[in-house]
Amino acid sequence: MTTSDWQRLEQAFEQALQLEGAEREAFLTMFSKEYPRLADKLADLLAADGQRNEALEAPIRAAADSLAETTDDVWVGRTLGVWQIEKRIAAGGMGAVFLAQRADSEYTQHAALKIMTGQLLAPDAISRFRAERQILASLQHPNIASLIDGGSTEEQLPYIVMEYIDGQPIDAYCDAQQLDLRDRLRLFQRVCDALDYAHRNLVVHRDIKPSNILVDASGDPKLLDFGIAKLLDAGSYDMTLAVTRADARAMTLSYASPEHVLGQPVSIASDVYSLGVLLYRLLTGQSPYRQTLNSQRSIESAILETDPERPSAAVTREGANTSPSPARLQRLMAGDLDNIVLKSLQKEPERRYATAAAFRDDIERFLTDRPVNARPDSLVYRAGKFIRRNTLALATATVFAITVISLVVFYTRQLTVERDAARLQAARSDEIAGFMNSLFANATPDNAKGEAVTAVELLDEGFERIDALDVQPELRAELMSNMANNMMELGQQKRAIPMMNRAREILEQEPERNGRALWLLYSRIAEANRQVGDFDESMTYQERTIDAAVALFGPEHRHVAFQMMRMGGTLFDMDRVDEALELEARAIEMFDALGLRESSQAIDARGNYANALQYVGRTVEAEFVHREVVTLSERVDGELATNTLIRIANLSGLLMRTGKLSEAESLIDTALERGARVWPENYDVFSQFFSYKCTIRNRLGDFTAALSACERALEVAQINFGEESKLYARRMRSLASQHGDLGDFETAAALYDLAETATAASSGADSVTMRTVYLSRSKVPLGAGDYDEAERLLRAVLREPVELSGSADLYARERLATVLSKTGRQAEATLLFDGVVIDATALVGEGPALLPTLAAATAHFRTSGDLDRALVLGERAQAIIDGSDESLTWRGAQALGEYGLTLLALDDDQAVVVLDIAHTALVKVFGDADQRVQALIP
Amino acid sequence: MGEDSDITQLLNRWIGGDSDAGDALAPLVYNELRHRAGRVFAGERPGHTLQPTALVNEAFAALVNVDITWQDRAHFFALAARMMRRLLVNHANAKLTEKRGGGALKVTLDPAAVSADDNATELVRLNDALRDLAELDERKAELIELQYFGGLTFAEMEQVTGLSSSTLDRHLRMARAWLKDALTQN
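Residue numbers (the working numbering), protein chains in the order written: chain A, 1 to 938; chain B, 1001 to 1186.
Don't take each hint at face value.
[As the list claims (entries may be wrong)] Pairs of lysine to any residue residues, derived as SDA-like cross-links and limited to a Cα-Cα distance of at most 25 Å, are as follows:
1) 41(A) x 1167(B)
2) 924(A) x 724(A)
3) 41(A) x 1184(B)
[To be verified] Anything over 10 Å on all C-beta distances counts as not near chain B; from chain A, calculated:
4) 51
5) 57
6) 365
If you're looking for bench data, these hints aren't it; they were derived computationally from the structure. Ideal Cβ positions, reconstructed from N, Cα and C, are used throughout, including at glycine.
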């Protein structure tokens, strides 16, 4: 074939592809007349175009497999992080699973380590993997194998470390133990519970099958491998995905739901379906579909089209293997149990159980001889069908889908509960169903005139209608309260509060009957008010919550301790620190007495306690408690849990303030590094972490790193909270402060302008926060020698009547004292410095954090001629520096410099040595020309 | 570390048009793929969808400083795809030679061995067909190599080839049709 023949063929091939039927025939006829030699080839090519590409893929795949078989397993023996790989356990779609052992520990800890060899290295794949790991880390349930650790190999392949379960697949276990029908159902219910827990955390498993549910030696089922689980709600950082598209390759076909097979969005209902297949298998030993299914295609078509045989009929099929005789089983299962299983296997997701819990509950009814819910045309069916019709149309309002799902799940469960108690008749459930239908019908895009209907609008509207709804007051209150919760989830606290108060009024009409509901509602009202900053109102409801909890549960109960812990936090926010300390101490005591020391609530209480201790300057105790909190949190919540990382950062913050910079830095680096492994790049907490990193680098005199960390802190705040947020304002102030310390006053001033604008927008121009900006800003005119401006700013900070926090007031007075000293008002300055040194010592202790104050005071007394007092202060500074394990910081060097100048004024021989040390340290940070360096040269 | 930067340097020179650098780079990439083959593939069950992509990615991560640009990455993948092809073809040839050398006339009754043999034969035939295609249209053969041996996605192929997606699609369709047709001949 010549090149021109090839080109002609190619051209004709492309033209023919654009034609169909008779037109293509005509074209081919024409071509064959023109180029008879090439006509057959063209026909062959067109025929081949219609063939599958398997012929090209299969040989490559087979060769790769074959190559692999001839190669030893190179992972075994390697160490990833602290995990040493011992042997391969299994291989799966996304990677290989190994048994691993902790290499760094005295005690033996085995774990399952899964390497994602199939993961692409594209950045989005990695970040998605991190996000998923974060979700898994948040799932803590006794029947779910927990995530222990994770990381990347040196080849950049992500891996996760999970709890190792030594057990048998659930179907094999049931057979080996010869469990009877009842025991099988009981075991299955526990699987439902675990899955329901995951669903309530908005995680769908998507690959429920016996090999992912192991039963251990004590008979406890454990769910494994949320490896392909996807998030229903993409979490606090990214509300973009309500449902996720299926990846057809990554599932096990026999247990897959119809929607999964079709590649449609999967949801909770898909897991319910897979549970149904599982239950079918546990009860009958068979697949729900009678045919022998061996090709992928026939399995798929059965899943999509065939109605499953009734389980009671299937047990008599050949190969059925449960312990009672088939005839007896048939009697046991016929009717209710058949209905239950078939309901879970409905082709349409909305006709299945809405939740795993509903599935479980219906089995419970069967086991306790009560009427089951499994029959057609229930409320679940109507509500579900409605949702499918409308959520697809409303895909633009993504939050909406989440809200609807949670609302319906809630209603469904609520109504189930009500029905159990026989308090709600069918007519009432129709009322609710009708209400929901009309509510959502109004929210369709048509009615909204093409604009996306927001969840907030929907909830607002819903609330109005609920209030007018003719149902039991209790149910109405609960519906309202749930609407309010959804409002809260959407960040609409101010809208939620009146809703909750309305619900409260209804419930308070019969307080005895509604004790529990009121208790919950009080705590939510308290929390909502706390979040909007109405602390007094929040306190009122926290007190009521505690009273209600004491009445319901008794005075010594975790719910009481929990509320005390929360109230302590609020008191702290209100600056009533002594009361906060007392309450947190009581909460801790109560938790410990109840044996709940290792609960996350008790850890929270300790964390609050440590923060309060730190705030009042009891730093030694604070450090102790902070360390305890980190240790407990790593053990209880896990090393990668968000809480743990924040607590590590808190400890870092404390150590930083007490001058233990190396440890503070290593802690914050740990938090940053672990955070990078489990969070998205710009997760909001990073702002705090980078801010700490910035301060630490600043103290160490590394302004380049400090600036970039502060810039990241600002960026993350801006991305998450916007430029009118308090956090953004604070981060801007910190960034400005860096430039101020560096001596770049021009940049600093410009950034302080921005910080003032942002603070005015977020807190108000007359706010206390604004005064902290002025305080920080004063370093610019002070450094530049513009004492009038510095004084103006500092006087504004100290202006009555607003009460400043202890440290802001103190440092404002310290700077003002320096200004007074520099402008010849020595007596006033001396008076101020007397108080400042005492207060600062009380606040930060005799440690590195005191050095700047000592430096300022030494300078004042030296220049005003009181060399004795200057010497005493200088010697204190020197003692602090000598006593510290840390290397000399620039702030330390300034204090040492003042001491040296004092020695010089006293003609002390040591002066030259001391000044030289201080000078060298400062030159390294600021360079020769900086005025802080020049000031040391006599 | 020294080796890493050597490879990155070689890659940069090769991208810059230095074909000697490409020649020097190829065996390094080949060895790396060979060395790592077990890690990736041993985890997969026969019959499961398997992508050489993972292997190529792993080799990339091990050999090249990850901070290089996406375009440079794409060049690496083109090279790696070629090496992947060579690796698999060599492996298939070795297997066939082994069988023939072990007794040309012996009739094997092990069905697994027969199918493995068939697979090796199929790959060698595919490789031959691809070589024939390259003689007619080198560009198209390269595209097939990128897609099937390198596991590049469509978007990645656009990057490395500079072709528009419609052109790319047309080329691939023709190439695939030609190969499938060639494999059904004889």
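Okay, the hints, checked on the actual structure:
1. The suggested pairing of residue 41(A) with residue 1167(B) holds, with an alpha-carbon distance near 22 Å, which does not exceed 25 Å.
2. Taking the CA atoms of residue 924(A) and residue 724(A), the gap is near 38 Å; set against the 25 Å cutoff, the hint is violated.
3. This hinted pair checks out: residue 41(A) and residue 1184(B) have alpha carbons roughly 13 Å apart, not beyond 25 Å.
4. Taking the minimum C-beta to C-beta distance to chain B, about 5 Å, the non-interface status of residue 51(A) is violated against the 10 Å cut.
5. With 10 Å as the threshold on Cβ separation, the claim that residue 57(A) sits away from chain B is violated: the shortest Cβ distance comes to roughly 7 Å.
6. Non-interface call for residue 365(A) relative to chain B: holds, since the shortest CB-CB distance, roughly 41 Å, exceeds 10 Å.
In summary, the structure is inconsistent with hints 2, 4, 5 from the numbered list given earlier, while agreeing with the others.
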